[in-house]
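Listed here are the chains, written in short residue letters.
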Amino acid sequence: MNDMGPVQTIGVPTPLVDGPEKVTGRAMFAADYCVADSLVGRILRSPVAHAKVKKVDVSKAREIPGVKAVLTGEDCNQTFGVLPIAQNEYPLAKYRVRYRGEPIAAVAAVDVATAQKALDAITFEYEELPAYFTAEEARAEDAIDLHEERPGNIERDVHYDLGDVEDGFAKADLVMEEEYQCAEIAQVQSEPHATYAEYDTQRDKLTVWPSTQVPFYVHLMLERTLEMEKSRIRVIKPQLGGGFGCRTETLNVELICAMLARAAGGRVGLVVSREETFITHRGRPETAVKMKIGMRADGKLLAAQSECVQRGGGYSGYGIVTILYAGSMLYGIYDIEAIKFDGYRVLTNMPPPGAMRGHGTVNMRFAFEDLMDRMATKLGLDPFAVRRANLLKAPTFTFNDLMVNSYGLDECLDWVEEASGWKDRKGKLPPGKGLGMACSHYVSGASKPKHWTGEPHATVNLKVDFDGSVTLLTGAAEIGQGSSTMATQCVAEVLGVDMGRVHTISSDSAITPKDNGSYSSRVTYMVGNAAVDAANNLKNVLTEAAARKLEVPPDQVECLGEVYRAGTQDEGLTFDEVVMEALRDTGTITVKGTFTTLPESQGGKKYRGAAIGGTMAFSYAAQVVEVTVDPDTAEISVDKVWVAHDCGKALNPLSVEGQVQGSVWMGMGQAMTEGTRYHDGLGITGNMLDYRVPTIVESPPIEVKIVEAEDPHGPFGAKEAGEGSLSGFLPALTAAVADAIGVRAADLPLTPDVLLKLMEDKARADKKAAAQDSAEVA
Amino acid sequence: MSKSMLSLTVNGRTRDDVVPDNMLLVDYLREVVGATGTKVGCDGGECGACTVIVDGKARHACLTLAVSCNGKAVETVESLERNGRMSALQRAFNEKLGAQCGFCTPGMIMASEALLRHTPNPNDDDIRRELAANICRCTGYVKIIESVHAAVAETSAKEAAE
Ligand code: FES
Ligand code: FES
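Going line by line, the protein sequences match chains Y and P. Under numbering that gives the first Met the number 0, the very last position in the first sequence is 777; numbers go up by exactly one each time. Under numbering that gives the first Met the number 0, the very last position in the second sequence is 161; numbers go up by exactly one each time.
Since the hints were derived computationally from the structure, they do not count as laboratory data. Certain hints may be false.
Cut-off 30 angstroms, straight-line C-alpha distance, at most; resulting in silico cross-link-like pairs (DSSO-like, lysine-lysine) [said to hold, decoys possible]: (1) Y:Lys425 <-> Y:Lys291; (2) Y:Lys116 <-> P:Lys2; (3) Y:Lys59 <-> P:Lys157; (4) Y:Lys392 <-> Y:Lys427; (5) Y:Lys392 <-> Y:Lys432.
Source: prediction; values computed, not measured.
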């Protein structure tokens, strides 16, 4: 018995606790709840991008046998929106439609054919308004306002000017400026949006199974738009087929489905198509960035100035936060004081973008790192040396008051430099081959939540009963990222028991404690900490019970996980015996753990919106990308990626690797092939063939190094792992292409036709220069 | 819509159903058979989430009419467990994290299953070729390739031991 000890789970590569369901087909996604006798929901969408709604005539549709409910904008008087300061969207357009494909009516019918017939029978009368499909058109002087409360169609402008930027540029040995253009990106999570809803007319209760990352926000918006008491609503998050941010706010699909279920007095499944999923959007906005950097001859950054224009859509969504992140996250990675930022989020008649993975930071990081690389070339410096000249020293606060307590970027740089053979291979590869590198970072959750209620940022409940099992109740939305596994590991580790003792139940509003949801990489840090706190509280209860039974003071009880004993000679009590003793006085044990961010982590006050970016910890990443460019077709193949990611203590190294690979690869899609396209506001890439997500054929090996700069406040020292390495791929790719063929791209995606044009331009310029040279010689 | 008699085996069980002639195999499996393991991820032929095996070959169930499977053997992800034990591929996808969100997984596993039946020892290129029509948005495919290799390794280790 002496060699027995607590079971260790933290730091051990651990398959997902819900993995078996996923590989056997038993996992229940929202569409899988739509049993044969539930009604079929369908949405009628606007054929125009901007119009006044005059009449939506549903009288004929209502008469069709088998049609159980027909709804229009008249059936809902409340707006919704994720930001309390920007709730300007109706589930079904009411007075105006503001983008093509916006829902204007919805039906529930006995089957698909009947639902379709009902949609066909609805007529829509409207008065068309001028529509704006680019940020420029929407900002033009004579443009009409999409929303009265947003004059000039500026959703939000952000300005700060910190430190002495002009002085920095004056002192710099090199100042360079460049303009970048990044296409709009869609998440294309593998599961199209789906919701299943059941309205119980006997009890006036509503249960909803939405495909969401934020069941709590959906709950709030159901309360608001259905004007129902929130206590009569239950939200159960089913298994989720990814999200990557498009489901971090309530979507109209969820609200419409619930409205239909109530109107029909029954069960409705609303499973939208892939095209409708594209239209629902909430991806990364099309972004124009002007970036100017001043650098000393040794690579030290002295000042930066940047303008960012994001093309928003017809409604706010997360827009305000996106443009704030774009500015604030220029800080947090390098040691730089002087930065000036001007950001504009513009409303246009396009589907609304949202909070995609790497929210707000990706296109800015691309521009910043790409320009750094150009400047390194110009100064004859190694890009690694330039990064090393600008490292932060933790603990510190950045010049815009972001708290940095742990920082592993130096170690990340060392590893990717070594693993990629950078020193020996850079500049020595055969023609057409190149290496590029870049760095990136991301927050571990926003320290100031957008719904500021004064509650802790996370709460976890544990229940222990006669069977000796520990039930872990968490609102954390498992979306495939492994949050349930992470929470289970935290509890098992603290108690020292096998994970099999722990049953984890997540995201059912009737059972689990509230959680804000899975976004901004908050879950591991916040819910992990709450889980640790809960497990410590439970351990105290058990230790006290063991002490009573063993008749020793609690501080003499040694917890070995499955055994609690008083000294090494003591045979001790089994976990079950301790639990039975603990239950004796109180019955079923329930304990709680919470987590609240430190006030000093909640960002600064130097400019309006400066709290955005404030976080308990940043993750850091560096990567090297190796490419081959075909000189004739300009096709780029990515041969290999080496990426090092500092996630603090890796709670589950298997998951961390998977997250980092997925992030890098998603960055690759954005850099090389992805981008939505529209014709007069009509999406023409609303499928997975025209919107090119990389297939397995063109996806490279991605070697991951986990760097563990442990954070003093993270659970076991952990930080985020699921977003921080995405943005680095973009500039590493443009740098690698430049290394391979001497051509610099500033616009993404860098498709073969774009690159071919750049190559031809360069060839022409080279020829001209050569001709001039020989003319001069002659 | 006219209807036809459909006689086939689904996961080894003989069935006779009357189905509309325009019913897709994926809808038949999900709605008539009740086997919801097979997923629908797109509007037709874009993603591979619906991949099943028909007479030994991987097929998109969303591009296949149910009635065209008359007299054939259809296999879905639900068929792979034997006596309550997951198949080598399922275990590998679970243990190597070949499945994150799990939505592409049934299709990915069935496409891999079809591959291993005709190429029991695939290299990376074989895997890439056979899974080219299956989109995964979570993994970057790295651990999917590892999972297929791990399944092969486990199977051959077991065969060597026998
Ligand atoms: S469901 Fe996407 S290919 Fe069949
Ligand atoms: S595991 Fe999520 S799409 Fe493949």
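Now for the hints, and whether the structure bears them out:
1. Y:Lys425 <-> Y:Lys291: With a Cα-Cα distance of about 26 angstroms, the restraint between Y:Lys425 and Y:Lys291 holds, given a limit of 30 angstroms.
2. Y:Lys116 <-> P:Lys2: OK: Y:Lys116 and P:Lys2 at ~20 angstroms, within 30 angstroms.
3. Y:Lys59 <-> P:Lys157: Violated - the C-alpha atoms of P:Lys157 and Y:Lys59 are around 65 angstroms apart, more than 30 angstroms.
4. Y:Lys392 <-> Y:Lys427: Outside the cut-off at roughly 33 angstroms; violated.
5. Y:Lys392 <-> Y:Lys432: It is violated: about 35 angstroms lies between the C-alpha atoms, which goes past 30 angstroms.
Consistency note: the structure conflicts with the earlier hints numbered 3, 4 and 5.
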